[in-house]
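Novice: Sequence:
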Amino acid sequence: MKINRTFIISLLVTAAFIGAGITACIILHKNMSLKYSRNSSKLGNVTEILSSPKSKDLKTIIHDNQKLVVSLEVKNGSENITGSGFLYDTKGDIVTNAHVVEGGSSITVKMADTSTYKGKLIGKSEITDVALVRVDNLRGKSPMKISKNSKVDIGNEIIALGSPLGLQNTATTGIISGLNRNFNLKNYQYKNVYQISAPISPGNSGGPLLDKNTGDVIGINSAKVDTESIGFSIPIAQVTPMIDNWAANPNTYKSSSEDTASNENTKPSTEDAAYLVSYFYNSLNSDDYVTAYSLLGANWQQKTAYEDFRKGYLQTLSVKVDNMLCRETENGNIEVSAVIQAVEGTEANSKTSKYNVVYDIGYENNNLKILSGKSTTVK
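The UniProt record's numbering applies: residue 1 is where the sequence shown begins, and numbers increase by one.
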């Protein structure tokens, strides 16, 4: 395996999230997130549905869109409500569900790379379960592609993205199983919504529903039936006029604008550190070397040019994770260690090598980064 000076090893993250491949860090991540999941989305039961992409095309669609899906944490009295959202336009506007932000005194938006920003509510419907949150720091960033085709048929394949149970960046595949469903739930009316075979779990509310073939947003994941493994999604074409009006004429909500909390982070959490390493490797396995490189600390980038970084992974075909562990260090950072098996070479001529890898995760300019890493060969 070609290893650059920074000794980073490629890791197949998708496998770490499914079946027996779940690692100790991810288990810890899940358990620690449950303190929020009990007060997560006000709709639906706690049901975790995680699905792995089955093809390169599907994996690419999921990865490219997950970068624009966010996790929202809304402070509502003594509760922390979690939900999902997605970048809608170049003004930094995030679409989510109204029930996620309802009554919130502050909104924190976490991106796929774990960077966090303050959000400000600029639009919320009292009837339809849709709201718009503006993040000034995201102004100018390219948004998700919104489908202009309102025609959706039963049987169409879909991808539901979001952050169920506080787990960031998960994807569930399914189909459109029903059209024009109508019902009332809590204070909101759901009219002519899609019924989907991918259930909406707590924290998943507000995430985008994608056309599996194009990757375009066709809906907003919103509700789940208590006794059935089905969910409901609001057609995006149904609400774009309302969203566009909020974006052009933002409203002012006193509770949201009164947020005085600091964005300053000093100590990383164990679950965020585990997630960052996972996201780093997921980017590599999607051939998104630019995103992976951006997650490295400044000192690491100064020592390793991007082209050298990229070349270090071109001969790595896949990696199996045997174990991943996290611990807090004396300086407050998180050390993430793993034992991996890397398949290296070419499809016609490959070999499997085993490595111990260790990474130091900490904040740099208020952004969580992979500060350093090392590897040793297991003989």
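Because the hints were derived from the structure by calculation, they are not lab data. Please read these numbers as outputs of a predicted model, since none were measured by experiment. We treat Cβ as the ideally placed atom computed from N, Cα and C, and that holds for glycine. Careful, some of the hints might be misleading.
Subject to a maximum C-alpha distance of 25 Å in a straight line, what follows is the list of computed PhoX-like cross-link-like pairs (lysine-lysine) [stated by the list, open to error]: (1) Lys379 to Lys320; (2) Lys59 to Lys145; (3) Lys148 to Lys91; (4) Lys151 to Lys110; (5) Lys374 to Lys303; (6) Lys186 to Lys141; (7) Lys148 to Lys59; (8) Lys186 to Lys145; (9) Lys254 to Lys118; (10) Lys59 to Lys110; (11) Lys267 to Lys320; (12) Lys110 to Lys267; (13) Lys303 to Lys118; (14) Lys141 to Lys120.
Estimated spans, in silico, between C-beta atoms of each pair [to be verified]: (15) Ile154 to Ala248: 30 to 36 Å; (16) Asp244 to Arg327: 25 to 31 Å; (17) Gln302 to Gly77: 29 to 35 Å; (18) Glu79 to Asn299: 36 to 42 Å; (19) Lys141 to Gly77: 43 to 49 Å.
Novice: Next step is simple, just say for each hint if it's right about the structure.
Specialist: Hint-by-hint comparison with the structure:
1. Lys379 to Lys320: holds, 16 Å
2. Lys59 to Lys145: holds, 17 Å
3. Lys148 to Lys91: With Cα atoms ~19 Å apart, lysine 148 and lysine 91 stay inside 25 Å; holds.
4. Lys151 to Lys110: violated, 32 Å
5. Lys374 to Lys303: With Cα atoms ~14 Å apart, lysine 374 and lysine 303 stay inside 25 Å; holds.
6. Lys186 to Lys141: violated, 34 Å
7. Lys148 to Lys59: With Cα atoms ~23 Å apart, lysine 148 and lysine 59 stay inside 25 Å; holds.
8. Lys186 to Lys145: violated, 30 Å
9. Lys254 to Lys118: Holds: lysine 254 and lysine 118 sit about 15 Å apart, inside 25 Å.
10. Lys59 to Lys110: holds, 22 Å
11. Lys267 to Lys320: violated, 29 Å
12. Lys110 to Lys267: holds, 16 Å
13. Lys303 to Lys118: Not satisfied, since the Cα-Cα distance of roughly 33 Å exceeds 25 Å.
14. Lys141 to Lys120: Judged against 25 Å, a Cα distance of about 17 Å means the pair holds.
15. Ile154 to Ala248: 30 to 36 Å: holds, 35 Å
16. Asp244 to Arg327: 25 to 31 Å: This hint is violated: roughly 48 Å between Cβ atoms.
17. Gln302 to Gly77: 29 to 35 Å: About 45 Å separates the Cβ atoms of glutamine 302 and glycine 77, which means 29 to 35 Å is violated.
18. Glu79 to Asn299: 36 to 42 Å: Roughly 39 Å apart at Cβ, these two residues keep to the hinted range, so it holds.
19. Lys141 to Gly77: 43 to 49 Å: violated, 32 Å
In summary, the numbered hints that this structure violates are 4, 6, 8, 11, 13, 16, 17 and 19.
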